[in-house]
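Engineer: This is what each chain is made of:
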Amino acid sequence: MNYNVDEKGYYGVFGGAYIPEMLYPNVAELKEQYLKISEAPDFQKEFKDLLKAYVGRPTPLYFAQRLSERYQTKIYLKREDLCHTGAHKVNNTIGQILLAKRLGKNRIIAETGAGQHGVATATVCALMGIECIVYMGELDIKRQAPNVARMKMLGAEVRPAQSGSKTLKDATNEAIRDWINNPVDTHYIIGSVVGPHPYPDMVARFQSVISEETKVQLMEVEGRDYPDHVIACVGGGSNAAGLYYHYLNDSRVNIIAVEAAGKGIDSGASAATSALGKEGIIHGSKTLLMQTPDGQITEPYSISAGLDYPGVGPMHAHLFRSKRAEFISVPDQEAMDWGLTLSQMEGIIPAIETAHAFAVLDLRSFGPEEVLVFNCSGRGDKDLNTYIDYFKL
Amino acid sequence: MNRIDQKFQEGKKLLSIYFSAGHPNLEDTVPVLKELQKAGVDLIEIGLPFSDPLADGPTIQQSSTQALRNGMTTEKLFSQLENIREEIHIPLILMGYFNPMMQYGIERFCSRCAQIGIDGLIIPDLPVDVYQEEYKSLFDQYGLYNMFLITPQTSEERIRFIDRVSKGFIYMVSSASVTGAKNTFGSEQTDYFKRIAALQLKTPTLVGFGISNAKTFTAATEHSFGAIIGSAFIKFLEEKGVGEIDSFIKSIR
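Quick note, the sequences are listed as chains A and B, same order.
Numbering-wise (the numbering used here), the first sequence opens with residue 1 and increments by one.
Numbering-wise (the numbering used here), the second sequence opens with residue 1 and increments by one.
Here chain A stands alone, though its shape is the one from the complex:
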């Protein structure tokens, strides 16, 4: 089976472009151009140069000594938390801003939940001197004040999404509406492997640098370019897509996706889309999403703002449905505990999103010769307030 996108924009039955006609020309243009532009040598050179000199790539593949000893297996962390702006998000925004420039766009819009993608977008817009508007749910603006301030410092305009539940899904709706109203001069930088085709594939390709580097780095330390397991947290799923990308069709590699169970899968406050979602349409993509029996999209919950998206990218829906990947869900409490464990055992304070992934170590056993690569997707600076409140630090 092929786990990459097919020529029609689908992963198995998931994906496609379920968009209003108003967006057709924009999405069609992107579909026609994204590979032509992003595979051209001049694009690749500029992209790679910026990833190196500006983002700080390649990020290290770090062997977690103490953690490996405790769990009697070989644990590597792909240190995306060391990227400029503090997470993997910037890999994608660098790619998309270069694409936008080549498409002749002079205005950028983006959606953001916790603010990480908003900051990464505002950053590349500042770098290129392009106007930037970030839509953010009114509730999230209140909850994530430091990231709002960062975006403003970077020169972006932060517009509150006041519709619906006033969070990430509504910020995404507002960004899409903006794009409908400004179809000619504007490029929409989506932050995850979601949205209409070609976004899921385009974002996955820009994030695929994560597994591209992992292959080279593993070869150096393990003498083979593949691990036994790749493990990442999944909200929309962009850091996971980047880590899985070059291993999707490599059956030697087991894929593990970790979702946020929030207060528990049956609690009514969860973001475990694979467990709770049904096939449907969200933000232009056919995928798994959390919804009422009547087809109204429901509001997810996780203590980590980056994982509380009611859907999952179509690639992940396909990995789940086809059983190519193993999906587990981890509640708030275990994720928070892992935030502390990783801090105290490896000296790395992870984003709460990232911390979810490590809980797999308590749920599965791995052999002493097995090689595990975790995506250490983001650092925990942005989550300090949540950590302080939770642990009474």
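Hints are not guaranteed to be accurate.
As the list claims (entries may be wrong) - Some residues of chain A that are not near chain B, with every Cβ distance over 10 angstroms (derived):
| id | residue |
| --- | --- |
| 1 | Tyr-24 |
| 2 | Met-336 |
| 3 | Asp-381 |
| 4 | Thr-386 |
| 5 | Tyr-390 |
As the list claims (entries may be wrong) - Simulated pairs of lysine-lysine, DSS-like, Cα-Cα distance not exceeding 27 angstroms:
| id | chain 1 | residue 1 | chain 2 | residue 2 |
| --- | --- | --- | --- | --- |
| 6 | A | Lys-8 | A | Lys-105 |
| 7 | A | Lys-8 | B | Lys-136 |
| 8 | A | Lys-278 | B | Lys-76 |
Because the hints were derived from the structure by calculation, they are not lab data.
By construction, the Cβ of each residue, glycine as well, lies at the ideal position given by its N, Cα and C atoms.
Position chain B against the provided structure of chain A, taking the given hints into account.
Structural biologist: Chain B only, in chain A's frame:
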């Protein structure tokens, strides 16, 4: 013959009204339909509320959210409309996003529509190519028309394609925008209306988005078969209530 086709044979400039089912109050759906027919409206688009209506501006979003809060569901709407054809004889169109229809089951949805006497559907986020490949035969089987949108950005080639596969009418979006009332049309819109009229499409066009009063209605219908009013009507309904519908319609034409 489908009631929509019949209506277009009358040869006058048609007025179509959109409203959200179950708004302002849950049980307003049927009274609104009756008042609209009495006021002489030609077609009615009944909005099936959705939590994330991404092609709609604030007015329709809010009416949709309110309708959901009132308890509107797909099943509830069908039960409200169960005997509607005893009283309403003008074309009825359901307009809604694809996800609630998927969850209801597309075949089951079509079958209920046919049973009630719905004439057609408008589904903004179901692209014409997906419809052609996956759902057209089902819609045909139940005698339902599916109307498509075009915008000022739609290429002539694509307009020709949409014209070929369309039944009923083509929904001409007046400008690059989400739904919402405007007070006037500029020369850009007039040029677009003329450009489309000059294509001599086989399918008649109705202009929608941004029509709010007699002035915009007249401008929109000069080069088309009629126009659709949504947001302006919903605002009026919220402010004045169902009893005053006649005065709104009379103010348009």
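Engineer: Please go over all the hints and tell whether each is borne out by the structure.
Structural biologist: Results for each hint:
Chain B draws Tyr-24/A into its interface by the beta-carbon criterion, the shortest separation being 7 angstroms against a cut-off of 10 angstroms. The beta carbon of Met-336/A is kept farther than 10 angstroms from every beta carbon of chain B, the shortest such distance being approximately 30 angstroms. For Asp-381/A, the shortest C-beta to C-beta distance to chain B comes to about 32 angstroms, beyond the 10 angstroms cut-off, and the non-interface label holds. Residue placement check: Thr-386/A keeps its beta carbon more than 10 angstroms from all beta carbons of chain B (closest about 27 angstroms).
The beta carbon of Tyr-390/A sits about 30 angstroms from the closest Cβ of chain B, which is more than 10 angstroms, so the claim that it is off the interface holds. This hinted pair checks out: Lys-8/A and Lys-105/A have alpha carbons roughly 25 angstroms apart, not beyond 27 angstroms. Simply put, Lys-8/A and Lys-136/B have alpha-carbon atoms about 19 angstroms apart, close enough for the 27 angstroms limit, and the pair holds. Taking the CA atoms of Lys-278/A and Lys-76/B, the gap is about 22 angstroms. The hint holds against a cut of 27 angstroms.
Checked against the numbered hints listed earlier, the structure breaks hint 1 alone; every other hint is satisfied.
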